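Chemist: Please work from the sequences and hints to get the whole structure.
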Amino acid sequence: GAVVSQHPSWVICKSGTSVKIECRSLDFQATTMFWYRQFPKQSLMLMATSNEGSKATYEQGVEKDKFLINHASLTLSTLTVTSAHPEDSSFYICSATGQGGETQYFGPGTRLLVL
Amino acid sequence: GDSVTQMEGPVTLSEEAFLTINCTYTATGYPSLFWYVQYPGEGLQLLLKATKADDKGSNKGFEATYRKETTSFHLEKGSVQVSDSAVYFCALGSAGGYQKVTFGTGTKLQVIP
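Each protein sequence line maps, in turn, to chains A and B. Last residue of the first sequence: 138 (our numbering), numbering continuous. Last residue of the second sequence: 141 (our numbering), numbering continuous.
Hints in this document: simulated from the structure, not taken from any laboratory. One should not assume that every hint holds.
[Unchecked claim] Here are the computed distance ranges between Cβ atoms for each label pair:
id	chain 1	residue 1	chain 2	residue 2	range
1	A	LEU136	B	ALA81	26 to 34 angstroms
2	B	GLN138	A	PHE114	17 to 25 angstroms
3	A	THR80	B	ASN87	38 to 46 angstroms
4	A	THR40	B	ILE140	38 to 46 angstroms
5	B	SER111	A	PRO63	20 to 28 angstroms
[What the hints assert, rightly or not] Residues from chain A that keep clear of chain B, each with C-beta distances beyond 10 angstroms, as calculated:
id	residue
6	THR40
7	ARG47
8	SER66
9	THR72
10	LYS89
11	ASN93
12	SER96
13	LEU99
14	SER106
15	ILE116
16	GLY132
[Said to hold, decoys possible] DSBU-like, lysine-lysine: derived pairs with alpha carbons at most 30 angstroms apart:
id	chain 1	residue 1	chain 2	residue 2
17	A	LYS64	B	LYS128
18	A	LYS87	B	LYS128
19	A	LYS89	A	LYS64
20	B	LYS88	A	LYS37
21	B	LYS105	B	LYS84
22	B	LYS88	A	LYS64
23	B	LYS77	B	LYS105
24	B	LYS80	B	LYS96
25	A	LYS64	A	LYS43
26	A	LYS78	B	LYS88
27	B	LYS136	B	LYS80
28	B	LYS128	B	LYS96
29	A	LYS78	B	LYS128
30	B	LYS88	B	LYS128
31	B	LYS128	B	LYS80
32	B	LYS105	B	LYS88
33	B	LYS77	B	LYS128
34	B	LYS84	B	LYS96
35	A	LYS64	A	LYS87
36	A	LYS89	B	LYS84
37	A	LYS43	B	LYS128
38	B	LYS80	A	LYS89
39	B	LYS136	B	LYS105
40	B	LYS96	A	LYS87
Since the structure is predicted, the reported quantities are computational estimates derived from the model, not experimental observations. Using N, Cα and C, we set each Cβ at its ideal position, and we do this for glycine too.
Modeler: Following this line, the structure appears as structure tokens:
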């Protein structure tokens, strides 16, 4: 149980375009979802936290107009990278917790390359 | 703020060797501590956790003990296998309305036959 999926797993886009990444909890209701960014050989950095039906809470230094997060249902959260630039190229990982849950369950990640 | 420091890799061991991956943390209050594992091409999986001082988390032959006096949560395994090759992340969770997790940089383990 506690499976989280992400789609797509790999995306290449042109600079200036927008890219949407989906995160789904497949077998549980995710009251809270987290979005992370991972640079090569570096740790995961939390970008934002979203609760179903409310606005996401962004970490300091993360542009909320750049990284749009929507958590419209208990099984789906989306991250949209707007007007992507090469410096946005990275590995984006989502995670989710159930109600009262302490443990985060992670998706497999989405690798974004902006040309 | 909260932080996690773990030993840099890669760590290369022969099969059946003893494994230790060091992890120390800085946090206010009483965090929960975690080890996550990331196998090649997969997402992070929770390996084990401990929620209070002196707790020992264990799973799949791996163990880690929450040491408050040394602010450490070192990962150990008595006999590693090739299938243990992966990246291991030490992490701490701060209490609050939700569990905010701070990760270490990860340690790559390669086990050779």
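Chemist: Decide, hint by hint, whether the structure agrees.
Modeler: Evaluated hints:
1. A:LEU136 with B:ALA81: 26 to 34 angstroms: violated (44 angstroms)
2. B:GLN138 with A:PHE114: 17 to 25 angstroms: holds (20 angstroms)
3. A:THR80 with B:ASN87: 38 to 46 angstroms: For THR80 of chain A and ASN87 of chain B the Cβ distance comes to about 31 angstroms; the hint is violated.
4. A:THR40 with B:ILE140: 38 to 46 angstroms: Holds, at about 43 angstroms.
5. B:SER111 with A:PRO63: 20 to 28 angstroms: Holds, since SER111 of chain B and PRO63 of chain A (Cβ atoms, about 24 angstroms apart) stay within the stated range.
6. THR40: Consistent with the label, THR40 of chain A stays out of reach of chain B, its closest Cβ about 26 angstroms off (over 10 angstroms).
7. ARG47: The assertion about ARG47 of chain A holds, with a minimum of 13 angstroms to chain B.
8. SER66: Contrary to the label, SER66 of chain A does not stay out of reach of chain B, its closest Cβ about 4 angstroms off (not over 10 angstroms).
9. THR72: Per Cβ check, THR72 of chain A is inside 10 angstroms of chain B; nearest 6 angstroms; violated.
10. LYS89: Fine: 21 angstroms to the nearest Cβ keeps LYS89 of chain A off the interface.
11. ASN93: holds (18 angstroms)
12. SER96: holds (18 angstroms)
13. LEU99: Check passes; 17 angstroms lies beyond 10 angstroms.
14. SER106: It holds; SER106 of chain A is separated from chain B by about 27 angstroms at its closest Cβ, greater than 10 angstroms.
15. ILE116: The assertion about ILE116 of chain A is violated, with a minimum of 7 angstroms to chain B.
16. GLY132: Non-interface label fails for GLY132 of chain A: nearest chain B Cβ at 6 angstroms, not farther than 10 angstroms.
17. A:LYS64 with B:LYS128: holds (21 angstroms)
18. A:LYS87 with B:LYS128: holds (19 angstroms)
19. A:LYS89 with A:LYS64: holds (24 angstroms)
20. B:LYS88 with A:LYS37: With Cα atoms ~44 angstroms apart, LYS88 of chain B and LYS37 of chain A exceed 30 angstroms; violated.
21. B:LYS105 with B:LYS84: Within the cut-off at roughly 13 angstroms; holds.
22. B:LYS88 with A:LYS64: holds (25 angstroms)
23. B:LYS77 with B:LYS105: holds (15 angstroms)
24. B:LYS80 with B:LYS96: Holds: LYS80 of chain B and LYS96 of chain B sit about 8 angstroms apart, inside 30 angstroms.
25. A:LYS64 with A:LYS43: holds (24 angstroms)
26. A:LYS78 with B:LYS88: violated (39 angstroms)
27. B:LYS136 with B:LYS80: holds (27 angstroms)
28. B:LYS128 with B:LYS96: Status holds; Cα separation ~20 angstroms.
29. A:LYS78 with B:LYS128: Holds, at about 17 angstroms.
30. B:LYS88 with B:LYS128: With a Cα-Cα distance of about 26 angstroms, the restraint between LYS88 of chain B and LYS128 of chain B holds, given a limit of 30 angstroms.
31. B:LYS128 with B:LYS80: holds (16 angstroms)
32. B:LYS105 with B:LYS88: With Cα atoms ~9 angstroms apart, LYS105 of chain B and LYS88 of chain B stay inside 30 angstroms; holds.
33. B:LYS77 with B:LYS128: This hinted pair holds, its Cα atoms lying about 15 angstroms apart.
34. B:LYS84 with B:LYS96: Satisfied, since the Cα-Cα distance of roughly 12 angstroms is no more than 30 angstroms.
35. A:LYS64 with A:LYS87: Holds: LYS64 of chain A and LYS87 of chain A sit about 25 angstroms apart, inside 30 angstroms.
36. A:LYS89 with B:LYS84: violated (42 angstroms)
37. A:LYS43 with B:LYS128: Holds: LYS43 of chain A and LYS128 of chain B sit about 24 angstroms apart, inside 30 angstroms.
38. B:LYS80 with A:LYS89: This hinted pair is violated, its Cα atoms lying about 38 angstroms apart.
39. B:LYS136 with B:LYS105: holds (15 angstroms)
40. B:LYS96 with A:LYS87: violated (37 angstroms)
The structure does not agree with the numbered hints 1, 3, 8, 9, 15, 16, 20, 26, 36, 38, 40 stated previously, though it agrees with the rest.
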